[in-house]
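S.K.: Top to bottom, those sequences are chains R and F.
Counted from 1, the first sequence has number 211 at position 170 by the numbering used here; the numbering is strictly sequential.
Counted from 1, the second sequence has number 124 at position 83 by the numbering used here; the numbering is strictly sequential.
Each hint should be verified, as a subset may be incorrect.
Because identical chains cannot be distinguished in the list, a pair is counted as satisfied if it fits within a single copy or across any two copies.
[As the list claims (entries may be wrong)] Calculated lysine-lysine pairs in the DSSO-like style (CA-CA distance at most 30 Å, straight line): (1) LYS269 <-> LYS362; (2) LYS362 <-> LYS280; (3) LYS280 <-> LYS360; (4) LYS269 <-> LYS360; (5) LYS49 <-> LYS362; (6) LYS50 <-> LYS362; (7) LYS302 <-> LYS79; (8) LYS269 <-> LYS280; (9) LYS280 <-> LYS171; (10) LYS273 <-> LYS138; (11) LYS57 <-> LYS269; (12) LYS50 <-> LYS84; (13) LYS269 <-> LYS49; (14) LYS247 <-> LYS138; (15) LYS360 <-> LYS138; (16) LYS171 <-> LYS339; (17) LYS302 <-> LYS57.
Simulated from the structure, these hints should not be mistaken for laboratory data.
Spelled out from the first residue to the last, the chains are:
There are 2 protein chains.
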Amino acid sequence: MEEKMAVKKVTLFTEKPLELILGGQLSSIEVAYQTYGKLNAEKTNAILICHALTGDAEPYFIASEQSGWWQNFMGTGLALDTSRYFFICSNVLGGCKGTTGPASINPNTSRVYGSQFPNVIIQDMIKVQKALLDYLQIPHLYAVIGGSFGGMQATQWAIDYPDFVNRVVNLCSSLQFSAEAIGFNHVMRQAIISDPNFHGGDYYDKTPPLQGLAIARMLGMLTYRTDKQLTKAFGRAIKTDNHFLGDYFQVESYLSYQGRKFLERFDANSYLHLLRALDLYDPAINYANIDTALSRIKARYTLVAVTSDQLFKLADLHKSKQLLIENGVDLHYHEFHSDYGHDAFLVDYDFFEPRIRAGLEED
Amino acid sequence: MEEKMAVKKVTLFTEKPLELILGGQLSSIEVAYQTYGKLNAEKTNAILICHALTGDAEPYFIASEQSGWWQNFMGTGLALDTSRYFFICSNVLGGCKGTTGPASINPNTSRVYGSQFPNVIIQDMIKVQKALLDYLQIPHLYAVIGGSFGGMQATQWAIDYPDFVNRVVNLCSSLQFSAEAIGFNHVMRQAIISDPNFHGGDYYDKTPPLQGLAIARMLGMLTYRTDKQLTKAFGRAIKTDNHFLGDYFQVESYLSYQGRKFLERFDANSYLHLLRALDLYDPAINYANIDTALSRIKARYTLVAVTSDQLFKLADLHKSKQLLIENGVDLHYHEFHSDYGHDAFLVDYDFFEPRIRAGLEED
Chain R
42 MEEKMAVKKV
52 TLFTEKPLEL
62 ILGGQLSSIE
72 VAYQTYGKLN
82 AEKTNAILIC
92 HALTGDAEPY
102 FIASEQSGWW
112 QNFMGTGLAL
122 DTSRYFFICS
132 NVLGGCKGTT
142 GPASINPNTS
152 RVYGSQFPNV
162 IIQDMIKVQK
172 ALLDYLQIPH
182 LYAVIGGSFG
192 GMQATQWAID
202 YPDFVNRVVN
212 LCSSLQFSAE
222 AIGFNHVMRQ
232 AIISDPNFHG
242 GDYYDKTPPL
252 QGLAIARMLG
262 MLTYRTDKQL
272 TKAFGRAIKT
282 DNHFLGDYFQ
292 VESYLSYQGR
302 KFLERFDANS
312 YLHLLRALDL
322 YDPAINYANI
332 DTALSRIKAR
342 YTLVAVTSDQ
352 LFKLADLHKS
362 KQLLIENGVD
372 LHYHEFHSDY
382 GHDAFLVDYD
392 FFEPRIRAGL
402 EED
Chain F
42 MEEKMAVKKV
52 TLFTEKPLEL
62 ILGGQLSSIE
72 VAYQTYGKLN
82 AEKTNAILIC
92 HALTGDAEPY
102 FIASEQSGWW
112 QNFMGTGLAL
122 DTSRYFFICS
132 NVLGGCKGTT
142 GPASINPNTS
152 RVYGSQFPNV
162 IIQDMIKVQK
172 ALLDYLQIPH
182 LYAVIGGSFG
192 GMQATQWAID
202 YPDFVNRVVN
212 LCSSLQFSAE
222 AIGFNHVMRQ
232 AIISDPNFHG
242 GDYYDKTPPL
252 QGLAIARMLG
262 MLTYRTDKQL
272 TKAFGRAIKT
282 DNHFLGDYFQ
292 VESYLSYQGR
302 KFLERFDANS
312 YLHLLRALDL
322 YDPAINYANI
332 DTALSRIKAR
342 YTLVAVTSDQ
352 LFKLADLHKS
362 KQLLIENGVD
372 LHYHEFHSDY
382 GHDAFLVDYD
392 FFEPRIRAGL
402 EED
C-alpha cells in the first residue's frame, strides 16, 4: 500500500518515552524516513545516511522531477550505490521534515509544541535513529555516512554503538563546533528571536518570524561557501534593477533569494533547536572524557576535510584528526581544496566519489 | 576659548554645496575633527588619519580617562609620533560622530535627514577632508594613514590628489571589497532594515532599530576577529547563568555585549550608509579604469596585510598588491599573521609599529 517514493512514517516510543539527555522526555515520536536499494539476506549491507542541518529523509529521488540533497551522489554505480547497499535516511528529531519537532502536535496536550519543545541534542537523535533501525529489523550497519551535522551523528553512532557500526564516513565536520561557529549560530538565532513575529516560539497560529529566518539563512549561506566561489559567480556585478540599501549587487540578490526560498521549506523553531544541537555536540557526553568516548570507536573511520571550509575550519579538522589517531581509531584522512568550501560535500561529487568509495569499500 | 581636547567643529560648503558623485548635493556640512602635535613652520609634517567604519575623529586622548581607537599607537615616541608630526583626523561624511550624516538636521528643511540623506561614497568623504585641510590652511600632506575603510580613503587621497600626498599607509584593506564581504554587509543591512523600528530610516522621534543594529554589530565583530582568537578567549565555555536559545556559551554573551555596547555609540542610518560606501569603493570612479586611477599615485605606498583577515582576505590583498605594482606605484608590502585577524590594525601595536614607522620614515 506504500506510495512509491513518498516519505515513509512510523511512530516510535509509543510504549516507553525517550528520556532526553538534557532532561525531559518525548513519547510517540513520529519518524520520517526513506530507504533505497535492497537489504540482503544476511542483512550486512545497510548504510545509514545522516543529513545535515537543513536536510531531510530523502537525499535521492528515483524517477521523479524532484532532486534530493545528494541526488548526484546516489544511484546505480555511483559512490552511494543503490544496487549494492540498502540505504536508510531519516529526518532528525527536532526537525521539520516529518519527524517530531517543535511544529508537531504534542500528543499529551494535542497542541503544537512550539516553545514547549524540549532541548534535544545529537545523542538523542541517534537514539531515535537506533529505534528506527530496530523497527526495521536491521541488526547491524555496514556504515554510517554524513556531512557536517550529519558527520557528527555518524561519529556518535560509532561511539554509542561501537559493535553496531563497521564504518564511519564523516565529511566536512569536526568533533566539536568552534567558538566562532557558535558565534555565527548565535547571530542567526538572535535574528530569529528578535523578529517580533517569533512570539517566544509560539507563532504557529500567526505569521511566522520569516524575516529573521531569512536573515539567518543568508548568513548561513555565507559560512557554507567561500569568497572565491562568490567572486566567480557574482563578483562585484550590480543588479540592473537595484535598490541602494537593499539588493544592489548581484551577490545580495542571490542571498536574498536564498533567504526567501528557505522560508518555504523550514521552520524557525526547528532551525533554532538544530543550530543549538550543532553547538552542543560533544562526543564526550555520557562518557568520562573525550578520550574515553573516542577510544570506544571500532569502526573504520574516514574523515574528509575541505581546506577552504569556513564553518568547520581546517585547524579544527586537524585537531579532530589528531584526537582520533591518539585514541587508536582506524582513521583514513583526506583533505582537499574546493571553491565551494563547506558546501563541497553536497556539490563536488568528482572529488568525494573516490573518497566515499574508499571509505565504504577499502580495508 | 577652545576646550582642551573636545572634538573641534567647523561648517564647510556654506557658500557652494558639495556635489555628490552619485547625485544630489549637501551644503553647510559640519565636520568634527581633532588635531594632535604642532604643524611646523614649513607645513611639511601634516598627517591625515582616516578612521575605519565605526571610528571617529579622536583616535587619541591626551591626559584623559577616555581611550581613543588608536590610543596605543599615538603619542610621543610612538609609531604615530605626536612630537614630530601634526595629525588631523575627522569624522567621515555620513557618520554620526559630529560630521554631517543621516542623524543631522538638514539646513534646507530644518528637519533631520533620516531617509532623505543622500548616498555618499568614499570619493565624497575625501572631498570633505580636503575642504577641512583647506580651511586649516594645510597645503600638503606628509602622509595619509588608515586601516580598513580608512585605508581605502588613504588610497583615494593619493589618486585624487597625487601632488598633495607624499606617503600612503594602508593597513588591512584592499582596493575593492569582495563579493563575500558585500554579502556580510548585506546581511547586516537586512537585519537593520527588517527591524520594525527602522521605519524606512525615519526613526529619530521614535525608538531606533536597536535589535537590528545589535545583530549587525555582532556579525561585524565575527568578521573582524578569527576563530583562533575567539577559541583562546572563550573556547566552548558555557555561561553560569545561561539561556538555552539565548546567551548559553560565553562567546555568545561576549557578542551580545558587543552588540548592546554599540547601540550607545552608533546610528543605524550611518551604519547603513557607511557599509554601502565600503561595498561601493572603487578607485576607478571618475577615471577611465583602475589602471588609469592607480597610475596617478605618486606617493610612497605602504600596504600591510594580515594573513588571517576574514574581511579583507589575503587573496584580495595580493590582487591589490599586484595591481599597484603593475601601475608603477612605489609599493612597500608587508604581511603577517595575527590571531586578531582584521582587527589587528587596532590592537597589535608590536607588529604594526615598525611597519608604520617605515611607511612614514624610510625612503
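S.K.: With identical chains, the pair LYS302 and LYS79 could be close in the same copy or across copies; at 30 Å between alpha carbons, which is it: within, between, both, or neither?
M.R.: Neither. Shortest intra-copy (34 Å) and inter-copy (59 Å) distances fail the 30 Å Cα cut-off.
S.K.: For the identical chains here, do LYS362 and LYS280 meet the 30 Å Cα criterion within one copy, between copies, both, or neither?
M.R.: Result: close only across copies, 28 Å inter versus 44 Å intra.
S.K.: At most 30 Å between alpha carbons: which applies to LYS269 and LYS49, within, between, both or neither?
M.R.: neither (40 Å within a copy, 44 Å between copies)
S.K.: Have a look at LYS57 and LYS269 and pick one of within, between, both or neither, based on CA distance no larger than 30 Å.
M.R.: neither (51 Å within a copy, 44 Å between copies)
S.K.: Given identical chains, is LYS247 near LYS138, meaning Cα to Cα at most 30 Å, within a copy, between copies, both, or neither?
M.R.: Answer is within; shortest intra-copy Cα gap is 20 Å, inter-copy 41 Å.
S.K.: Which holds for LYS273 with LYS138 at a C-alpha limit of 30 Å: within a copy, between copies, both or neither?
M.R.: Result: close neither inside a copy nor across copies, 33 Å intra and 37 Å inter.
S.K.: With 30 Å as the alpha-carbon cut-off, assign the pair LYS280 and LYS360 to within, between, both or neither.
M.R.: Answer is between: at 24 Å across copies they meet the 30 Å cutoff, but 42 Å inside does not.
S.K.: Quick one: LYS269 to LYS362, C-alpha cut-off 30 Å, is that within a copy, between copies, both, or neither?
M.R.: both (26 Å within a copy, 18 Å between copies)
S.K.: Checking an output row: LYS50 and LYS84, CA cutoff 30 Å. Within, between, both or neither?
M.R.: The answer is within: 22 Å in one copy meets 30 Å, while 81 Å across copies does not.
S.K.: I want to check one pair: LYS49 and LYS362. Are their C-alpha atoms no more than 30 Å apart within a copy, between two copies, both, or neither?
M.R.: Result: close neither inside a copy nor across copies, 36 Å intra and 57 Å inter.
S.K.: Given a CA cutoff of 30 Å, do LYS302 and LYS57 count as a within-copy pair, a between-copy pair, both, or neither?
M.R.: Neither. Shortest intra-copy (38 Å) and inter-copy (49 Å) distances fail the 30 Å Cα cut-off.
S.K.: For LYS280 vs LYS171, is the C-alpha pair at or below 30 Å within one copy, between two copies, both, or neither?
M.R.: neither (49 Å within a copy, 32 Å between copies)
Of the hints listed earlier, those the structure fails to meet are numbers 5, 6, 7, 9, 10, 11, 13, 15 and 17, in rising order.
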